[in-house]
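Chains as they are written, first to last, in the numbering used here: chain A, 15 to 300; chain B, 31 to 322.
Hints may be right or wrong, so weigh each one.
PhoX-like mimics (lysine-lysine), calculated; alpha carbons at most 20 Å apart, straight line [said to hold, decoys possible]:
1. Lys86/A x Lys244/A
2. Lys91/A x Lys244/A
3. Lys39/B x Lys124/A
4. Lys59/A x Lys86/A
5. Lys59/A x Lys72/A
6. Lys27/A x Lys131/B
7. Lys39/B x Lys122/A
8. Lys288/B x Lys80/B
9. Lys91/A x Lys245/A
10. Lys29/A x Lys131/B
11. Lys86/A x Lys245/A
Reference excerpt, derived from the structure (chain A facing chain B, CB under 10 Å, subset only) [claimed, not checked]:
12. His30
13. Val51
14. Gly171
15. Ser174
16. Leu240
17. Val268
Treat the hints as calculated values from the structure; they're not laboratory data. Cβ coordinates follow ideal geometry from the N, Cα and C atoms, glycine included.
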Amino acid sequence: MDDLNEKAARNRKIKHAIFIVILIILFICFIFPFVLVVINVFKTKADITSDPLALVGKHGFTLDNFPEAMRKMDFWKSFMNSAIITITSTIITIALSSMAAYVLVRNKWKACGALFGMMIASMVIPFQVLMIPIVSLYGGILGILSHRTTLIFMHVGFSSSMATFMFHGAINTNVPIALEEAGTIDGCSRWQIYWKIVFPLLKPTIATVAIIDAMAFWNDYLLPSLVLAKKELYTIPIATQAFYGTYSTDIGLVMAALLLAMLPILILYLFLQRYIVEGVTSGAVK
Amino acid sequence: MNTNTMSYKFRQFMMFAGLTTIAFASVVIIPFIYGLYLTLTSWDGVSRDKPFVGLANYASTFADSAYWQALGRTLIYSVIAVVLVNVVAFILAFLVTSGVKGQNFFRAGFFIPNLIGGIVLGYIWKFVFNRALVAVGSAITSGTATSLLATTNGAMFCMIIVSVWQYAGYMMLIYVAGFMSVSADVLEAARIDGCTNMQSIIHISIPLMVSSFVQCLFLTVTRCFMVYDVNLSLTNGEPFNSSVMAAMHVYNQAFTYKNYGTGQAEAMILFIVCAVVGVLQVYIGKKAEVSA
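Please model the complete structure; the sequences and the hints are all you need to start from.
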């Protein structure tokens, strides 16, 4: 018997060793492109062109690519634009969508059913169907493109259906109606009940929506590129695209620009990794 | 207070859902309806008036062979990418739930491509294909290798590789959730009955994970079908417009060639495809739930 157990344990160890080797190989494949960028960002243009795979170039280690790329893509300005737009849109989406979800869950009015139905149905509409009318309406007729506020408003509108849907589910299952009744008896208004009782109970969903939406807003390219035509309003994805269009041959600068564009979110991932992985999973599974 | 009057209901609704309704309606509902109207006009994007042309835009859509080629190309790309993404994601999920050391580290690592926007990912891979792999190829053949991105089939092949790399980590997380939801009791019962690992995956885990499969399949189908960012940065339709996907074709039709009406009509056809996929998802999702 001992012999059999030992054999099984040894088999499991061998199996795990094989799995780990496969995982490491796959992992290297997955991060290889990033590693390549990191290696080449510290080389001169000539060294990258002559041998992109060498760890250190013939002309040695250099940091010159960073300041120049930062200046040319106006990194801090586009970083600030991205940050302002992402943070504001995420906060407004969470506040407004959760409030809307609350009134939709707790009332059986016709307007509630109609709004929720339209939101669910609208989830199949791809952005490409809306982009031409949006440019025509907001650019041609209203003339309010090229403002951060317009983009924030659009982000809120586009993400409202998914966010409302998720809060709808959360309020339905996690907020006991008895708590709200207790609040009413104690003299709370609907508004107070919502902010003092319901909203604090939604924390896990708030985290999920915040992570999913913030990542989507931060990385979005197509909508911001249509709305923000002015250079001083560029977000990081647009600045990267514009930078590549102008300096694509200056490969050292391109490497620095790409690394700079990735860094903010990678640094955030380092600290919030667990929350991001959990948030994305629970957001997708709903 | 009477809570059954129209004015009370209206005030409550507007207080909580008013702003959301306005934002949602003005960027989704109104543009959608206005877009339907645009398909019936020929607008050049500049002039104030939009001449009414009836169904002429749909006629030119059907005559636009480049559009149908792009659509066909997108379909082929989507089918291959969806299958590969899901196979890779399932294998990754299996490996990172098998109890090996450091599985959380691997999970976090495989997810990294999803954190970064398509524009940046496309340019990184452009560098990999155009410089790094060319350098490897030249070293092996000791001549000058050409980039995969410079050949028609090669460019599409690159799009597929990047998509698999981009989405596999995300789908892996959903499959991981699926693997975790399979109860350990059932698996142990199977092991006692003499199932091998392979058998218990095929006959127990996979049937119990149907909802994960449905979800991943539809997520990848819609994402691949509407691909734009990676297409723009990685290939930009090159070489010779041989890698223009449907979404990029619509964008070019409207914003490059200024045929807004035709562009919108072509977008509407994409919408119909997405709507069919969406309805299928709900339908199949419901069925899968019953059987699981």
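Hints and how they fare:
Using a Cα cut-off of 20 Å, the hinted pair Lys86/A and Lys244/A holds, with the two alpha carbons roughly 16 Å apart. Restraint check: the Cα-Cα separation between Lys91/A and Lys244/A comes to about 12 Å, which is no more than 20 Å; the hinted pair holds. Between Lys39/B and Lys124/A the alpha-carbon distance is near 10 Å, which keeps this suggested pair within the 20 Å criterion. Restraint check: the Cα-Cα separation between Lys59/A and Lys86/A comes to about 16 Å, which is no more than 20 Å; the hinted pair holds.
Proposed proximity of Lys59/A and Lys72/A is supported: the alpha carbons are some 11 Å apart, at most 20 Å. Proximity of Lys27/A to Lys131/B is assessed by CA-CA distance (about 11 Å); at most 20 Å being required, the pair is judged to hold. A distance of roughly 11 Å separates the Cα atoms of Lys39/B and Lys122/A; the hinted pair therefore holds under the 20 Å criterion. Between Lys288/B and Lys80/B the alpha-carbon distance is near 13 Å, which keeps this suggested pair within the 20 Å criterion.
This hinted pair checks out: Lys91/A and Lys245/A have alpha carbons roughly 10 Å apart, not beyond 20 Å. For the proposed pair Lys29/A and Lys131/B, the alpha carbon gap of about 12 Å is at most 20 Å, so the pair holds. Pair hint Lys86/A plus Lys245/A holds up; C-alpha atoms about 12 Å apart against a cutoff of 20 Å. With a least beta-carbon distance of about 5 Å to chain B, the hint placing His30/A at the interface is held under the 10 Å criterion.
At its closest, the beta carbon of Val51/A sits 6 Å from a beta carbon of chain B; the interface hint therefore holds under the 10 Å criterion. Interface restraint check: Gly171/A against chain B, minimum CB-CB distance 3 Å, threshold 10 Å, status holds. Restraint check, Ser174/A versus chain B: the minimum CB separation of about 5 Å is within 10 Å; hint holds. About 8 Å separates the beta-carbon of Leu240/A from the nearest beta-carbon of chain B, less than 10 Å, and the hint is met.
The beta carbon of Val268/A is positioned within 10 Å of a beta carbon in chain B (closest approach about 7 Å), and the interface hint is therefore held.
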